[in-house]
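Peer 1: Position 706, counted from 1, in the sequence shown is what the numbering used here calls 853; the numbers after and before it change by one each time, with no gaps.
No lab work stands behind these hints: they were computed from the structure.
Take these hints with a grain of salt, some might be off.
Keeping only pairs whose Cα atoms sit at most 20 Å apart, straight-line, the calculated EDC-like set for lysine to aspartate or glutamate is [said to hold, decoys possible]:
#1 K600 with D510
#2 K520 with D444
#3 K715 with E304
#4 K774 with E609
#5 K613 with D517
#6 K520 with E617
#7 K251 with D444
#8 K715 with D725
#9 K610 with D725
#10 K613 with D725
#11 K614 with D763
#12 K520 with E609
#13 K610 with E709
#14 K612 with E512
#15 K605 with D517
#16 K305 with E609
#17 K614 with D725
These numbers come from a predicted model, not from an experiment.
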Amino acid sequence: MTFLHLAILFPLIFAILIPFLYKYVQRIHTGWFVLIVPVVLFLYFLRFLDVTMNGETIIAEAEWIPSLGINFTAYVDGLSLLFALLITGIGSLVVLYSIYYLSKVKEQLHTFYVYLLMFMTAMLGVVLSDNLIVLYTFWEFTSLSSFLLIGFWYTREKSRYGAQKSMMITIFGGLAMLGGFVMLNMMTGTYSIREIISQVPEIAQHELFIPALILVLLGAFTKSAQFPFYIWLPDAMEAPTPVSAYLHSATMVKAGIYLVARFSPVFAGTPEWFWLVSFFGILTMFWGSFNAVKQTDLKAILAFSTVSQLGMIMSLLGVGAAALHIDAIDDSYFTVATLAAIFHLINHATFKGSLFMVAGIIDHETGTRDIRKLGGLMSLMPITFTIAIIGAFSMAGLPPFNGFLSKEMFFTAMLRVLELNFFQLETWGLLFPILAWVGSIFTFLYSMVLVFKTFTGKYQPEKLKKKPHEAPIGMLISPIILASLVVIFGFFPNLLSYSLIEPAMASIIPSLIGPDQRFHVEISFWHGWSLELYMTIGVVLLGTLGYFTLSKWRSVYRILPEKLTLNKLYDRTLLGLDRSSLTITRFYMTGSLHNYLAYIFGFFIIILGTSLAFQDAFMLTFNGTAKIGIYEVILALVMVLGSITTLLSRSRLTAIIALGSVGYSLSLFFVLFRAPDLALTQLIVETVSVSLFLLCFYHLPELKKKEKKLRFRMTNAVLSIGVGVIVTLIALSANSQRVSETIASYYIENSYTLAGAKNMVNVILVDFRGFDTLFEITVLGIAALAIYSMIRIKVQKGEEG
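Turn these sequences into a full structure, and let the hints steer you where they fit.
Peer 2: Next up, the structure:
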């Protein structure tokens with residue numbers, strides 16, 4: 148275990164201390180202790196900037212399940228470092244913000260911060276893991292911890308609904324992704340992402356390549372809220388605002404972006420990858436921005452804007468991957484698309500994080516997030532208004548903020564699609580710039596709604612739960628820092644060019660550059676009077692017109708009935724599954740033990756019988772078997788007669804004796820087969836069992852005739868004969884297909900020397916398989932206590948009655 152592994156697990160380890168700090172240090176807000184974790188980690192990861200800038204990587208490996216090729220391999224390159232800095236940097240600001248946002252009197256802070264640190268470890272594990280199974284483990288850990296964070300206010304029905312919805316959709320994608328990972332392992336024989344990338348030329352034509360691609364993208368699309376899986380993100384806004392600012396702007400929703408970027412070296416260049424990633428990305432960008440305009444809740448607007456922005460980044464990664472089909476790579480094609488994706492990834496974290504915090508401040512200080520009740524807050528909350536202006540204008544793609552720069556690159560990348568002559572882009576390529584431009588108009592529009600409907604217009608104090616005033620300085624520090632970064636990265640974008648952006652680009656498609664080469668990354672405001680600039684001017688003009696005429700055309704959102712939305716489809720699907728499962732459960736859960744055994748034995752016969760028949764699993768040979776003598780035949784007949792007598796007997800005593808004869812006959816078999824130890828054990832067990840039966844049944848009334856009246860049932864006969872035949876066939880086949888020496892000789896040779904006992908059966912039970920026996924005794928003990936408890940309860944109820 149190295150320092151890098153400890154850095155990943157540090158938040159989870161520190162989380163153990165949170166309940167004790169919360170309980171014993173009540174004078175200080177628990178968040179001040181938690182703040183240490185992301186700050187220390189951010190400073191730790193900053194140390195690796197020089198390494199990744201030089202094109203180097205860091206690998207640290209710890210064995211986990213080496214026999215299966217599963218090791219905890221931590222891997223730091225440009226891409227993973229970028230995400231690690233976002234996770235810890237934004238995490239530090241979110242924790243600082245939460246100290247002033249969450250009351251230490253009203254909220255269960257220890258629970259909140261435990262969940263938050265769990266999530267931080269999960270995200271670091273996702274972006275820093277080289278092993279697919281370890282990555283998947285942390286991936287599902289993000290779903291679990293985000294479920295707990297979204298449902299933090301679990302007393303609210305909407306919080307529970309949003310948490311369940313996010314978990315259902317993201318877990319579904321995670322399981323699909325696991326299937327893709329298993330297929331990659333089947334194709335390459337490794338779970339290492341680095342080793343898989345090195346084998347891409349050999350696996351590109353494999354029959355599992357495309358199925359693996361689709362399954363991996365399902366995981367990415369569900370986590371990053373791509374169409375049609377975006378429906379969980381708006382409902383997740385029921386989480387506390389610090390959670391929204393952290394999970395839904397900079398970390399969890401970016402996990403899918405990370406997955407696509409990380410697996411671009413594996414799948415990029417195929418038409419399936421290009422169309423799925425780029426088209427669904429641009430469609431999500433348009434659909435998210437279109438739906439954001441109709442929202443009236445500040446966090447709902449930000450939720451749909453996040454969906455749109457994630458779609459924008461996803462489409463850029465898809466378009467950038469098309470560079471593998473271009474013969475001559477220059478500084479124009481791949482650089483623009485992937486540079487825009489990485490740059491906007493950073494920009495989105497800054498302006499969206501600040502806007503989520505602004506929404507939280509407004510809710511905290513006014514008691515509402517409904518823009519229909521807000522208005523005129525500019526003079527009452529001037530600092531918050533300034534932060535909102537900076538964040539919203541950057542999101543709208545207006546100069547001089549960083550969002551303008553990445554949005555111009557986005558336009559450039561979408562226009563370059565028109566120059567491509569493969570993947571049928573000659574026909575369908577026009578969709579990309581059109582959807583990008585129309586989506587950007589709606590992006591401008593909802594950004595204006597977010598700011599001006601909140602801070603300008605008529606002040607409506609009668610509709611507010613609180614008298615609004617500026618937030619305390621502690622709550623403003625984090626959004627001020629993020630808004631400052633929006634301005635700094637806008638004026639000085641090349642601060643990031645070779646420190647973060649270029650190393651991340653080199654990690655996404657390493658095959659495009661040589662070992663001593665670097666991508667040319669130069670970001671500037673002015674590129675002349677280009678088509679991109681004219682598109683921006685059109686966005687501003689049409690967006691402004693749309694804002695001022697919003698009331699006249701907003702009815703367009705009523706064209707699509709509520710019943711036909713994806714949310715209704717999700718709800719109806721869950722309701723249908725619930726009703727179907729209830730119907731099926733009522734069908735087979737009859738309360739009859741006889742029926743349950745019939746189901747079990749029926750499936751036993753069908754599954755094992757068809758396996759024996761169609762998989763050529765049955766084999767029968769008599770080599771090495773002993774001859775059957777007269778004594779064995781006699782004992783077998785005695786056992787059969789004893790079993791029949793047990794069933795037909797009308798006396799409990801007779802039935803017990805007949806059953807005992809079966810056990811004693813079995814012990815005689817062991818004597819004949821020269822297994823005295825086993826015979827002695829069987830005799831002891833049978834004697835104790837018969838004695839216990841006699842003690843129990845002595846107190847029961849005599850059997851009545853109607854209790855022992857047997858009726859022939861064809862179903863029972865078929866099941867009984869079928870199970871007997873299948874078990875016999877399996878036993879004969881297993882005995883005929885031995886591929887190695889039995890373990891019996893080992894026990895014979897070592898029972899006395901290793902355990903010092905001559906009774907081999909006892910040695911096996913007590914020494915060689917002692918833990919099995921211990922756990923069996925434990926289970927029997929638990930069962931005995933449960934039975935005793937039920938008897939006591941029944942007796943007590945009888946006495947009370």
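Peer 1: Now, for every hint given, state plainly whether the structure supports it.
Peer 2: Verification of the hints:
{"no.": "1", "hint": "K600 with D510", "result": "holds (15 Å)"}
{"no.": "2", "hint": "K520 with D444", "result": "holds (10 Å)"}
{"no.": "3", "hint": "K715 with E304", "result": "holds (17 Å)"}
{"no.": "4", "hint": "K774 with E609", "result": "violated (99 Å)"}
{"no.": "5", "hint": "K613 with D517", "result": "holds (13 Å)"}
{"no.": "6", "hint": "K520 with E617", "result": "holds (18 Å)"}
{"no.": "7", "hint": "K251 with D444", "result": "violated (26 Å)"}
{"no.": "8", "hint": "K715 with D725", "result": "holds (15 Å)"}
{"no.": "9", "hint": "K610 with D725", "result": "violated (40 Å)"}
{"no.": "10", "hint": "K613 with D725", "result": "violated (42 Å)"}
{"no.": "11", "hint": "K614 with D763", "result": "violated (80 Å)"}
{"no.": "12", "hint": "K520 with E609", "result": "holds (9 Å)"}
{"no.": "13", "hint": "K610 with E709", "result": "violated (28 Å)"}
{"no.": "14", "hint": "K612 with E512", "result": "holds (9 Å)"}
{"no.": "15", "hint": "K605 with D517", "result": "holds (14 Å)"}
{"no.": "16", "hint": "K305 with E609", "result": "violated (26 Å)"}
{"no.": "17", "hint": "K614 with D725", "result": "violated (45 Å)"}
The structure is inconsistent with the numbered hints 4, 7, 9, 10, 11, 13, 16 and 17, although it conforms to all the rest.
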